[in-house]
Amino acid sequence: MQVPHKTKRAIPHTGGFSLVEIMVALVIGMLACIVMLQVFALSEERKRTSTGASDAQSNGVMMFYQLQRDIGQAGFGFNSATVFNCNTTWKVASGSDIATPIPLAPVTINPPATIVPAGDANTDTLLVMYGNGNGQPQGVEIKFGTSEYTVTLPLEFKQNDRVIAAAGGCGAASLFIDQVTQDITQVSDKVKVATGFAGDMLYNLGQSPTVLAYRIHKGNLTVCDYLVNDCSLDAKKDDASIWTPIAPNVVSLRAQYGRDTTGTMDNIPDVYHQITPGSASDTSGIAAGCGWARIPAVRLALVTRSGQYDKEEVTASAPTWAASAADNPAGSTAAAINLSGNTDWKHYRYKTFEGLMPIRNVTWLGVPQGC
Numbered sequence: 007m008q009v010p011h012k013t014k015r016a017i018p019h020t021g022g023f024s025l026v027e028i029m030v031a032l033v034i035g036m037l038a039c040i041v042m043l044q045v046f047a048l049s050e051e052r053k054r055t056s057t058g059a060s061d062a063q064s065n066g067v068m069m070f071y072q073l074q075r076d077i078g079q080a081g082f083g084f085n086s087a088t089v090f091n092c093n094t095t096w097k098v099a100s101g102s103d104i105a106t107p108i109p110l111a112p113v114t115i116n117p118p119a120t121i122v123p124a125g126d127a128n129t130d131t132l133l134v135m136y137g138n139g140n141g142q143p144q145g146v147e148i149k150f151g152t153s154e155y156t157v158t159l160p161l162e163f164k165q166n167d168r169v170i171a172a173a174g175g176c177g178a179a180s181l182f183i184d185q186v187t188q189d190i191t192q193v194s195d196k197v198k199v200a201t202g203f204a205g206d207m208l209y210n211l212g213q214s215p216t217v218l219a220y221r222i223h224k225g226n227l228t229v230c231d232y233l234v235n236d237c238s239l240d241a242k243k244d245d246a247s248i249w250t251p252i253a254p255n256v257v258s259l260r261a262q263y264g265r266d267t268t269g270t271m272d273n274i275p276d277v278y279h280q281i282t283p284g285s286a287s288d289t290s291g292i293a294a295g296c297g298w299a300r301i302p303a304v305r306l307a308l309v310t311r312s313g314q315y316d317k318e319e320v321t322a323s324a325p326t327w328a329a330s331a332a333d334n335p336a337g338s339t340a341a342a343i344n345l346s347g348n349t350d351w352k353h354y355r356y357k358t359f360e361g362l363m364p365i366r367n368v369t370w371l372g373v374p375q376g377c
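Residue numbers for the sequence shown follow our numbering, beginning at 7 and rising by one.
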C-alpha cells in the first residue's frame, strides 16, 4: 500500500519596516521638527518685537504726559517777572540748605551741572518748579515785618505753607523758601514764618510745592525731588534712592524754549532754542525776568526704545522731530536726536513723542510792566 507523501507548508515571512524605511522616517521627522521649531522661534521673535514696541509706546505715553502736566503747571505761585531768575535756596528734608542757589523759573532747560548733573550723552535735562497754594500767584503785598508779615490778604496763608518774601527785584542775597508756622486767626492776622526775610511781596507756594529735576541716566528717565534731596550733589548722581528711575528704555530727551520775540509781547512763540534767559549765552539785551516772561511754551521730544535687541540692523537713522533741523521756524536752532552714544543703537526700534507744551501761568501773566 502506498503511503501518502506529506509536503512541508511554507512559513510566511513576518511583515515590518526595513532599515532604509526607518532611516527615511527619521529624516522626515527631524525635518518636520526643524520646521516647527523655526516657526515657533519666528513666532516668539515677532511676539517679543510686538511686546517691546508696546512697552516703548506705553512708557513714552505715560512719561510724555507727566512732563506735559508738570510743564503746564510750571510757575504757579511765583508768577511774576519781578522774581523770575532770582537765586533761591531752601532746606531739604534733612534740614540742610541746598548747596547751590537756583534761579527761580518755571522751566529751565539744561541748568548748570552744579544744579542738575548731566544725563546721558546728547540728552537734555529739565528743572520744573511750581506751587500748589490757594493764593494769588503774583504774590501779596507785605506792609511791614520780617519774621511776622502784615500782608494785604492774610487769610490766604495757612500753617506749613511754603512762602517766599521778595523785594522789588533780585538782589545780591538769595531768596529763601520759608514756612508758615501757624494759621491766621481773627486774633492775629500776621503771617508768622520760621526764618524770616525782608521783602515787599510774599508769594505762597502752598504746602506741597514741586521742584523736580529730570534727566536720562543709563537709558532710564529719572527724577529727583529737590525739596526732599539736594539733587545737585555729584556724589549722589548715581544713587537710585535720590535719582529715582521712573521709566526704562527712555534714550533721549530734547527740549527747547519757545520764545516770543515780537516787539510787543503776544505770548506766541516765534523761535525755538536752548538759550536760558539771564545766562551768559543770552544776548537779547532783555532783562532776565522779562526774558522768562517771553517764554510761554516748551518744545519737547521724548524717545523710547524697544527692549528687544535685533541681530540685524533695524533702524537706519536716528528719529527726527521738529527741531532736527535749524530754522524751523526761521531763526530757530537745531536740537537733533543723537543716539550714537550707544554703539548698538541701530539694533533697536524706537518711538518718538513730541509736542509744544504751553506754560499756562506765563501765558496768563500777560505783558508785565516794563517788559
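Hints listed in this document are in silico derivations from the structure and should not be mistaken for laboratory results.
If you're wondering where the values come from, they're calculated on a predicted model, not measured in any experiment.
Where hints are given, some of them may not hold.
Here are the simulated lysine-lysine pairs, DSS-like style, with alpha carbons at most 30 Å apart [unchecked claim]: (1) Lys149 to Lys224; (2) Lys198 to Lys242; (3) Lys97 to Lys149; (4) Lys224 to Lys198; (5) Lys196 to Lys224; (6) Lys196 to Lys97; (7) Lys243 to Lys317; (8) Lys198 to Lys97; (9) Lys243 to Lys196; (10) Lys97 to Lys242; (11) Lys198 to Lys317; (12) Lys164 to Lys243; (13) Lys224 to Lys242.
Cβ pair distances, simulated, as ranges [said to hold, decoys possible]: (14) Ala31 to Gly225: 49 to 59 Å; (15) Cys39 to Ala340: 47 to 57 Å; (16) Ala119 to Leu161: 38 to 48 Å; (17) Asp244 to Ala178: 17 to 27 Å; (18) Ser330 to Val41: 39 to 49 Å; (19) Thr201 to Ala178: 26 to 36 Å; (20) Leu161 to Ala336: 19 to 29 Å; (21) Asn93 to Asp350: 34 to 44 Å; (22) Leu161 to Asp206: 16 to 26 Å; (23) Asp244 to Ser287: 21 to 31 Å; (24) Ala38 to Ser330: 45 to 55 Å; (25) Asp350 to Cys39: 41 to 51 Å; (26) Gly225 to Thr326: 35 to 45 Å; (27) Ala336 to Val41: 20 to 30 Å.
Glycine is no exception: its CB is placed at the ideal position from the N, C-alpha and C atoms.
Numbers of unmet hints, in rising order: 1, 2, 4, 5, 7, 9, 11, 12, 17, 19, 20, 25, 26 and 27
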